[in-house]
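**Q** Listed below, chain by chain, are the residues.
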Amino acid sequence: MNGGVAVTGMGIISSVGDTVEENLQAILAGKNGLSRIANFPTRLQEHIWVGEIKRSNEELSDTIGLSLPHSFTRTTLLGAYAARQALEVAHMEDVNDLRTGLISSTSVGGMDYTERYGPTYLTSPEWHRYISAHPAGDSSHKIAHYLGIKGMVTTVSTACSSAANAIMTGARLIRSGRLDRVIVGGTDALSKFTINGFHSLMILSDALCKPFDKHRKGLNLGEGAAYLVLESEDAAKQQGKNVLAYLTGYGNANDAFHQTASSENGEGAFLAMQKALATAQLTSQNIDYVNAHGTATPNNDLSEGRAMQRIFKDNMPLFSSTKPFTGHTLAAAGAIEAVYSILALQQGIVPPNLHFDTPMEELDLIPQTALQHQSLSHVLSNSFGFGGNCSSLIFSKA
Amino acid sequence: MKRSVFINGIGAVTTQGVWRQEIFSEAQVLDHAITSANQPAYKGVISPVAIRRMSSGIKMGIYAARQALEEAVMSMPDAIVTGTGLGCSEDSDKFLRSLWENDEQFLTPTSFIQSTHNTVAAQIALQLQCKGYNVTYVNGAISFESALLDTLLLLQSGEAKNVLLGGVDEIAQQTYAFLQAGGYIKAADTCETVKTSASPGVNYAEGAHFFSIGRDKTASSYAQVVDVALKNELEVPETASFLQGFLATNDLPSSAIDAVILGYNGDKQDDLFYAAIQHMLPSAVPLYYKHLSGQFDSCSAFGLMVAAFVLKQQTVPPILHWNEKNPSKTTWKNILIYSQYKGKDHSLVFVSAC
Numbered sequence: 001m002n003g004g005v006a007v008t009g010m011g012i013i014s015s016v017g018d019t020v021e022e023n024l025q026a027i028l029a030g031k032n033g034l035s036r037i038a039n040f041p042t043r044l045q046e047h048i049w050v051g052e053i054k055r056s057n058e059e060l061s062d063t064i065g066l067s068l069p070h071s072f073t074r075t076t077l078l079g080a081y082a083a084r085q086a087l088e089v090a091h092m093e094d095v096n097d098l099r100t101g102l103i104s105s106t107s108v109g110g111m112d113y114t115e116r117y118g119p120t121y122l123t124s125p126e127w128h129r130y131i132s133a134h135p136a137g138d139s140s141h142k143i144a145h146y147l148g149i150k151g152m153v154t155t156v157s158t159a160c161s162s163a164a165n166a167i168m169t170g171a172r173l174i175r176s177g178r179l180d181r182v183i184v185g186g187t188d189a190l191s192k193f194t195i196n197g198f199h200s201l202m203i204l205s206d207a208l209c210k211p212f213d214k215h216r217k218g219l220n221l222g223e224g225a226a227y228l229v230l231e232s233e234d235a236a237k238q239q240g241k242n243v244l245a246y247l248t249g250y251g252n253a254n255d256a257f258h259q260t261a262s263s264e265n266g267e268g269a270f271l272a273m274q275k276a277l278a279t280a281q282l283t284s285q286n287i288d289y290v291n292a293h294g295t296a297t298p299n300n301d302l303s304e305g306r307a308m309q310r311i312f313k314d315n316m317p318l319f320s321s322t323k324p325f326t327g328h329t330l331a332a333a334g335a336i337e338a339v340y341s342i343l344a345l346q347q348g349i350v351p352p353n354l355h356f357d358t359p360m361e362e363l364d365l366i367p368q369t370a371l372q373h374q375s376l377s378h379v380l381s382n383s384f385g386f387g388g389n390c391s392s393l394i395f396s397k398a
Numbered sequence: 001m002k003r004s005v006f007i008n009g010i011g012a013v014t015t016q017g018v019w020r021q022e023i024f025s026e027a028q029v030l031d032h033a034i035t036s037a038n039q040p041a042y043k044g045v046i047s048p049v050a051i052r053r054m055s056s057g058i059k060m061g062i063y064a065a066r067q068a069l070e071e072a073v074m075s076m077p078d079a080i081v082t083g084t085g086l087g088c089s090e091d092s093d094k095f096l097r098s099l100w101e102n103d104e105q106f107l108t109p110t111s112f113i114q115s116t117h118n119t120v121a122a123q124i125a126l127q128l129q130c131k132g133y134n135v136t137y138v139n140g141a142i143s144f145e146s147a148l149l150d151t152l153l154l155l156q157s158g159e160a161k162n163v164l165l166g167g168v169d170e171i172a173q174q175t176y177a178f179l180q181a182g183g184y185i186k187a188a189d190t191c192e193t194v195k196t197s198a199s200p201g202v203n204y205a206e207g208a209h210f211f212s213i214g215r216d217k218t219a220s221s222y223a224q225v226v227d228v229a230l231k232n233e234l235e236v237p238e239t240a241s242f243l244q245g246f247l248a249t250n251d252l253p254s255s256a257i258d259a260v261i262l263g264y265n266g267d268k269q270d271d272l273f274y275a276a277i278q279h280m281l282p283s284a285v286p287l288y289y290k291h292l293s294g295q296f297d298s299c300s301a302f303g304l305m306v307a308a309f310v311l312k313q314q315t316v317p318p319i320l321h322w323n324e325k326n327p328s329k330t331t332w333k334n335i336l337i338y339s340q341y342k343g344k345d346h347s348l349v350f351v352s353a354c
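Protein chains in written order, with the numbering used here: chain A, 1 to 398; chain B, 1 to 354.
One or more hints might be untrue.
[Said to hold, decoys possible] Per label pair, the in silico range of CB-to-CB distance:
#	chain 1	residue 1	chain 2	residue 2	range
1	B	329	A	177	31 to 39 Å
2	B	102	A	126	19 to 27 Å
3	B	241	A	21	38 to 46 Å
4	A	129	B	283	23 to 31 Å
5	B	195	A	126	29 to 37 Å
6	A	243	B	198	22 to 30 Å
7	A	47	B	110	18 to 26 Å
8	A	243	B	323	24 to 32 Å
[Unchecked claim] For the chain A half of the interface with chain B, some residues (derived, Cβ under 7 Å), not all of them:
#	residue
9	121
10	122
11	135
12	153
13	155
14	235
15	260
16	261
17	263
18	265
19	388
[What the hints assert, rightly or not] No more than 20 Å apart at the CA atoms, straight line, and that leaves these computed lysine-lysine pairs for PhoX-like:
#	chain 1	residue 1	chain 2	residue 2
20	B	333	A	150
21	A	31	A	54
22	A	150	B	344
Don't read these hints as lab results, they were simulated from the structure.
Even for Gly, the Cβ is constructed at its ideal location relative to N, Cα and C.
Turn these sequences into a full structure, and let the hints steer you where they fit.
**A** Take a look at the structure:
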């Protein structure tokens, strides 16, 4: 196994909690964060379940101490909220004392405000300040500015694998020696655009999602943000930092099969996991737990299941999807699940795959359905997205 | 870890037509607020069904990628890395409009499916059946340079031997109308160039630029990319330390820079940054390109195309000169490209002859 990149901070906000501790408590209690949409009106309100954070934009803005008026979209507010926590945990009083970067990710960016105020832009200047808040990169700029970072700031957008790729890019920048420290993760707010998009694809479940279940009917969307602070092992040591976990492996591959569907045999997922094991210099036997992508769409779970069976063969480690807790938080999912993977290592727990009932017929795969206490050394986390983008990360115990 | 990488093939769809030897000598200076790319015939490159379904960004991207790979005689890159500021906004616009017009009813998924930022890179991977590394960066004016930096990481670390690198941004009617209403794009009836710009805003356009970049020099190599640096925000005076730091890292005395490619776009505030960098490099010949490419987030890729052309041909097409400063130079070895937008997303790229 290689040394890896040190994780010295993490922060999260999701529908199950505003802090790392609250998220941990929800996992321990098996309490999901799914509900009906309340933050904005939509025709889909009674038809879908979502992992919505029950805090208004005004509350979020107040909590992080912004002065009005500003043009922080919900995506940006959630991102700034979670990233600030990560910095506090990492004791980063001076963000610029080392070469520090921010690699963020988002898929909706400022779409939530564009869909709200767009119809007025051509007739009234009242909401024009949100025009420049639309592009994905604007959220990263505002988060960096809020944190006081002056350095390398960029954004990844590869649909639902975005945050995993942002984490991977950050780790590679540290390994290359270009950065000493980097804040990595992702943020996405619920919007009419995304819920209707997924609805039009007919992959939203009208019930609570059941990943890897024979009777799974689709996914539940969610919103949230999570960030990690990554530091080179040397930088972490020199500062006497408390290391939460090491990021030891990462792999990115493309399924090259279809714009939205995953291939039958999960080729992209297989390649991503294989590459992650290779970078970590581990074998599949070393993995103690897999935090699966597990969206609960018929297509994803079968394809991911096949890919896992190809990687692990007869030695399938414990695995679960934590999406029944948070909903699928799209570009934030890889970061939220990175936090859950690190919590699993720190606490020695395997989070349960809620709502699982009947095994799939096609595969001999049964997820962990009850919380399990067990010492873990290496956790693999999967994130796959539209466009065939597949990424896997491996976190190892500090 | 420092190791140059080589530009082995170029492809582009721009307002000046597709990438070709004569692109600069035949170029026309843009003077409209919004100029569409001069699109090629996609027949034979993309299936007729797909031509109808795909947005201009996807089509331009597929065409430019193919051109770059063909020029480099590269059938299968190890990785595809792209940058785009606004992604597939034509499809985003379409889905958003039907959301508004039909009050969340009767929506079809096609435009939603194609609206994700990574669609172009995904479609290229699909066409090539390229299962390698695939990432899309979306960060304003450094969207392309972020992808370029990732390309350097992939090649310098040995993770890849050949990378298909690209930048794409498309005109989408509604998105551009909003940018116009917000004052970013000049008013529809203006007729000004970068040089004659007097009204607020900038001339916008669209385009796709792709590069086949490899660890090894080949018969088709244009130039080598030595390094790239990114910075999120700077005040004009702070550009000095950004530049000095980059030159120091690369052991590059400012006197050794033959040309500096600047992103002058006719916006008075924006141009202050370029003037500052130009002033700090008195011996470098200043060149510009946005009068030909137009402004869009990934337009700085046009600047890289300029650098590659000059270094390979060892000549500067007259239309690229920013001023009358007559260069006595006959050889061009080191070129610096500087780009930013509204004080944000600063990048420096160092390109050298090979």
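**Q** State for each hint whether it applies.
**A** Quick rundown of the hints versus the structure:
1. 329/B - 177/A: 31 to 39 Å: Given about 34 Å between the Cβ atoms, the range holds.
2. 102/B - 126/A: 19 to 27 Å: Once the Cβ atoms are compared, 25 Å apart, the range 19 to 27 Å for residue 126/A and residue 102/B holds.
3. 241/B - 21/A: 38 to 46 Å: holds, 41 Å
4. 129/A - 283/B: 23 to 31 Å: violated, 42 Å
5. 195/B - 126/A: 29 to 37 Å: holds, 35 Å
6. 243/A - 198/B: 22 to 30 Å: Distance hint for residue 243/A, residue 198/B is violated at roughly 57 Å.
7. 47/A - 110/B: 18 to 26 Å: Given about 22 Å between the Cβ atoms, the range holds.
8. 243/A - 323/B: 24 to 32 Å: Hint violated: Cβ distance 54 Å, outside 24 to 32 Å.
9. 121: At 5 Å from the nearest chain B Cβ, residue 121/A passes the 7 Å test, so the hint holds.
10. 122: holds, 6 Å
11. 135: Constraint on residue 135/A satisfied, holds at 6 Å.
12. 153: holds, 4 Å
13. 155: holds, 4 Å
14. 235: Violated. Min distance 17 Å.
15. 260: At about 5 Å, which falls below the 7 Å cut-off, the nearest Cβ of chain B leaves the hint on residue 260/A intact, so it holds.
16. 261: violated, 10 Å
17. 263: violated, 10 Å
18. 265: violated, 12 Å
19. 388: Hint holds; residue 388/A Cβ to chain B Cβ min 6 Å, cut 7 Å.
20. 333/B - 150/A: violated, 31 Å
21. 31/A - 54/A: With Cα atoms ~15 Å apart, residue 31/A and residue 54/A stay inside 20 Å; holds.
22. 150/A - 344/B: Answer holds: residue 150/A to residue 344/B is near 11 Å, not above 20 Å.
Violated hints, in rising order: 4, 6, 8, 14, 16, 17, 18, 20; the structure is consistent with all others.
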